[in-house]
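Novice: Fit chains B, C and D to the given chain A structure using the hints.
Number of protein chains: 4
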Amino acid sequence: MKNVAVVGASGYTGVELLRLLSGHPQAEVVAVTSRQYEGESISRVFPSLGGYFDLKCEAINVESIAARADVVFTALPHKSAMDVIPDFLNAGCKIIDLSADYRLRDQQVYEQWYQAHTSPDLLTEAVYGLPELYRSAIKSARLVANPGCYPTSVALGLAPLLEGQLIACDSIVIDSKSGTTGAGRSLKEGSLYCEVNEGFKAYSIANHRHTPEIEQTLSQIAGQSIQVSFTPHLLPVDRGILSTIYASQTKGYSTAEILNIFQKRYADEPFIRILPEGQLPNIAYVRGTNLCDIGLVADQRTGRIVIVSVIDNLCKGAGGQAVQNLNLICGFDESAGLSAAPLFP
Amino acid sequence: MKNVAVVGASGYTGVELLRLLSGHPQAEVVAVTSRQYEGESISRVFPSLGGYFDLKCEAINVESIAARADVVFTALPHKSAMDVIPDFLNAGCKIIDLSADYRLRDQQVYEQWYQAHTSPDLLTEAVYGLPELYRSAIKSARLVANPGCYPTSVALGLAPLLEGQLIACDSIVIDSKSGTTGAGRSLKEGSLYCEVNEGFKAYSIANHRHTPEIEQTLSQIAGQSIQVSFTPHLLPVDRGILSTIYASQTKGYSTAEILNIFQKRYADEPFIRILPEGQLPNIAYVRGTNLCDIGLVADQRTGRIVIVSVIDNLCKGAGGQAVQNLNLICGFDESAGLSAAPLFP
Amino acid sequence: MKNVAVVGASGYTGVELLRLLSGHPQAEVVAVTSRQYEGESISRVFPSLGGYFDLKCEAINVESIAARADVVFTALPHKSAMDVIPDFLNAGCKIIDLSADYRLRDQQVYEQWYQAHTSPDLLTEAVYGLPELYRSAIKSARLVANPGCYPTSVALGLAPLLEGQLIACDSIVIDSKSGTTGAGRSLKEGSLYCEVNEGFKAYSIANHRHTPEIEQTLSQIAGQSIQVSFTPHLLPVDRGILSTIYASQTKGYSTAEILNIFQKRYADEPFIRILPEGQLPNIAYVRGTNLCDIGLVADQRTGRIVIVSVIDNLCKGAGGQAVQNLNLICGFDESAGLSAAPLFP
Amino acid sequence: MKNVAVVGASGYTGVELLRLLSGHPQAEVVAVTSRQYEGESISRVFPSLGGYFDLKCEAINVESIAARADVVFTALPHKSAMDVIPDFLNAGCKIIDLSADYRLRDQQVYEQWYQAHTSPDLLTEAVYGLPELYRSAIKSARLVANPGCYPTSVALGLAPLLEGQLIACDSIVIDSKSGTTGAGRSLKEGSLYCEVNEGFKAYSIANHRHTPEIEQTLSQIAGQSIQVSFTPHLLPVDRGILSTIYASQTKGYSTAEILNIFQKRYADEPFIRILPEGQLPNIAYVRGTNLCDIGLVADQRTGRIVIVSVIDNLCKGAGGQAVQNLNLICGFDESAGLSAAPLFP
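Protein chains in written order, with the working numbering: chain A, 1 to 345; chain B, 346 to 690; chain C, 691 to 1035; chain D, 1036 to 1380.
This is chain A alone, in the form it adopts within the complex (with noise of 0.2 Å):
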């Protein structure tokens, strides 16, 4: 059994923590933080974990909440995050960072993304939170850096085919769509209902934020440096990302011999479906999970592979994966807490 702490648990990541928490069998949550909700009953800010959490929020002490726990989920805006991460880390805790300050290991690369990084020193030291690619290296991980929602789907739809040099590493385009919960709980225009309902758009084409991540993983496993366009859009849903990926085949294969492939690779990994030939994957069919459902299509005509990789941006793509990565770090089963089956409809 340990104890964990959710830092800022008032955003839509804080409340998916608390959710599947909540039935995590060998975690206890002991402390959680909103600057918004201080003295507040988290069951007060989110109603549906009434009768689940007898906790009041609290300002961040980190001293108290280390006092406390063992672990603690940091799901704070980027830069807030970094401001005390240092802290929980001299005290003792291990960290579970779902803000973006310590996925990016090149420092330059995130301060032209972000700004000023004020702890430099531990983007070395932090770990990748991507199971399926760095299992072993998150096991005795301090500081897990928890991927960021889009890169995860990426990521995973997209390692088979570099780590088998089977795609042409500049032809890789990305078109990604999002459930609404990515953009937040700010409150923005954008964000209200009558705006984002019956709407579709694409958003941040070719700057957003999650791009250098998604190079950096691509690359790493490619062993050179990949460049990829990336666009997001917003989709009128609660949950839920679906990537569509193209790439240029280097080898020609059918989809039955990619699939192939991908069942291979991620034959032992708990956390993802390789759907057969002729289905592919719905964001509707891995709602409240950690899982990654991908399916694809090698197109002879033109040349491309085109694969779809689907996960619930709240789950695999947050507080899901965090999780996993609590699991990893602390030895426990590494499905502890992430078995239930997908809400459907």
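Check each hint, because a few of them may be wrong.
As the list claims (entries may be wrong) - When the alpha-carbon atoms are kept at most 25 Å apart in a straight line, the in silico BS3-like pairs for lysine-lysine are as follows:
1. D:Lys1174 / D:Lys1129
2. C:Lys746 / C:Lys784
3. A:Lys56 / C:Lys878
4. B:Lys484 / B:Lys533
5. C:Lys829 / A:Lys188
6. B:Lys596 / B:Lys609
7. D:Lys1223 / B:Lys401
8. C:Lys829 / C:Lys784
9. D:Lys1091 / B:Lys533
10. B:Lys533 / B:Lys347
11. C:Lys746 / A:Lys188
12. A:Lys2 / A:Lys139
13. A:Lys188 / A:Lys251
14. B:Lys533 / D:Lys1129
It is worth saying that the hints were derived from the structure and are not from the lab. The model shown is predicted, which means the values in this text are computed figures rather than measured ones.
Specialist: Okay, now just chains B, C and D, sitting in the frame of chain A:
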């Protein structure tokens, strides 16, 4: 550990039962039936279940299923249910029937709203499976008639008032709104996405088949015959029922006083949450769970009490309550398999 | 041809007015105001209007606007509206006010539900802009108080029954459901997409500010004081109000007889459609129009009539009715600019 | 004034045509056909049209319809369309065909993607009804093949680039997302509300029938054979198509320079809005209209241009473009009946 079968697994109630049973610690699903999908994997019918079940849909063969299953959930349309239930009982199975066939105790009433009943003798044996009202009878039942979704939300919202004789029995108006899973998975023009989305309508005014079921339960609680106005509406959401119930008060109590009566009545109930004064329920806060959230206001101006009762129609209104009944008839913890927190957002 | 101004153009009522006025054959929009977007093009605020208007948002300058506009639509919050309306009147403009400031004739009632009134003398002059009830008074009005969305749906649904003394005045229960545009475009957590989508809730039970407005109109029609139970709900759709209204019948008429009374009452009304027996309205079928669809059932079992009245809350419930009032005070064809068919799906 | 008929009126394309024609100043609908609803009022089939049309659905009788109608819209499935179109032409009607039957000029290509063609001689006569590309030919056409929804969005988004030889023809990747009206009104499990809502999926990867239509138009513009990767997706909204199009630039132009080329190309087009740099389109901003909104970014990092092209699939993608073609072949103002502003929200 009990072996269970789901007869009629390819509808929304079927997939909900399977979702819940996949995480049940003491129940194992040994058979699923579907006429439409006979021979096909249930995970192909519902890709969400991929990796959770390795079962093929069977035709209904009572002998074969009874040889494997201790308890059978029948998730068939009315009429089809009573065609097979007597045989399952004779074969020694316990039955939790999610159809309407054994909910009404009075054969004549059943035949007036449905059709001729082919096993009327079982009507008196069947126990109405609303645990908050009939828990002890359920525990020893051989045949549980799992309540309708609307009637569940209404009975739980009115029971404390009727038990306490706090409202005028001829004053009850029930305005209910249900998510679209309530319309089932069969192909009807009115269930198409573009007919439901961005729409809202009332239907079956003054003649919905849940009316006699509601009146039966309310009359039984009150000890006198009760007639209600009941209007169902179709909500453009997947899941959830919200019933807004109006009744004239007989005693002039305040909101706080009535809430207190509800809190006492349901103090030991694991699935009922009475909201504090000033808070009102939302279907989003019970999504995917067996919870019933109740809020209310005693309007001194008009003398009416307005109760708002909220459930997930597929869960507490169908599959979840069925699992709760399974737990009762098998002597399991009543919350087994039903303790996961709501999925919000 | 009349010149009109839209004061408070950056909300959902504003954009709806502009949408309708863009197609009006005899009205030209000469000014739009918005404090928040002063100096910005209205087509930048609402990209949907690109190419339809070439106007910049102004601050409210009564003198300047009055010099250009014959009629001013005020789409401001209550309180803000009465801060400027007397000045516009003094400057010679006619006013169609979409706020609540001049809807209640009784200053005391207004002040009980809102705040102190700063131009109470205008309360008696203002004409309540529900053409189906007050057409001739509107035609000569200088100040039209455009009705609230809920009150419009309710008054049209009950008028024939109250006029004919067909229902018991103390028996009225109104259960209304509104699309989310009704909550406005201001930034509130409860208006975020992920808080509304897949959710449904009641709010302001027994204390919604439209209650006195509803009661004023119903009382006036009935010639006696009427109190109602009124419960609004928030629907996860953009547009539409559906009010389900219950009242005890005094005469035992059949559904057909009551429908006949409605058909006669509204025979000459261009915007009211009485549905034949057996059909019920859906908000989807009036989308984007000034129509009000009404269906009903006389339930012989309970003695109650159940009326379902449906409008588009932004159109007949706000901007469309305002244009209808414009047509009346300007002597235009009452349907000018309002004849487009509903957008379905 | 022209008399028109809508053959195949009971689908979503049919109701959209009727909606638009109800407000057309120079067209009168004299006949509607529907096999499924023969004898029933079209206002009963689509209650939204109540009061707008007083027509009963007929069976298709070419002679009878040709005696009344000058122009016939055929909104039938492919195959069914070519079963009747030659007869209508022989009977002297002009035809605007919304099916796929006459869109492809090459019989062999048609037969490879569809089935045997029964009037291949008409393939060369038919004019592809995309006014922005083929306006003058349309004006004198007897048979207009109204373009598919996806192809419309793609052709308008790529035409200026191909005309200017600004992109590499083998680099085109098209990722399109369509609202659910695009799936039609026929009864399919995949079109049920609960299967679509809160879901998102790709479908028909590398084998969607709009692919040859897209390639035909692009090849014609470019003057060379073009093959594209085209992936359609199903959006949980009623209306709207957004195509995100990727292509490698040949000239290194900036976003501003390319936008300038688009603005010039479409300067006189009444239905195309080129968004300024920094703005991107949203399907919500063209809802219910014949508009096509285009935004783009030239990504210097990858050398690709990303174009986002947005239409209402039922309007510019079907019924609206059909009315635009009606206007052209009848010599009406090209915007007649099509000038209403978008319905937002």
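Novice: Compare the structure with each hint and give your call.
Specialist: Do the hints match the structure? See the list:
1. D:Lys1174 / D:Lys1129: Holds: Lys1174 (chain D) and Lys1129 (chain D) sit about 11 Å apart, inside 25 Å.
2. C:Lys746 / C:Lys784: 22 Å, holds
3. A:Lys56 / C:Lys878: 23 Å, holds
4. B:Lys484 / B:Lys533: 38 Å, violated
5. C:Lys829 / A:Lys188: Violated: Lys829 (chain C) and Lys188 (chain A) sit about 42 Å apart, past 25 Å.
6. B:Lys596 / B:Lys609: Holds, at about 18 Å.
7. D:Lys1223 / B:Lys401: Holds - the C-alpha atoms of Lys401 (chain B) and Lys1223 (chain D) are around 23 Å apart, at most 25 Å.
8. C:Lys829 / C:Lys784: 11 Å, holds
9. D:Lys1091 / B:Lys533: 23 Å, holds
10. B:Lys533 / B:Lys347: At roughly 37 Å apart (the allowed maximum being 25 Å), Lys347 (chain B) and Lys533 (chain B) break the hint.
11. C:Lys746 / A:Lys188: 23 Å, holds
12. A:Lys2 / A:Lys139: 15 Å, holds
13. A:Lys188 / A:Lys251: Violated, at roughly 47 Å.
14. B:Lys533 / D:Lys1129: 36 Å, violated
In this structure, the earlier hints numbered 4, 5, 10, 13 and 14 are contradicted, and the remaining ones agree with it.
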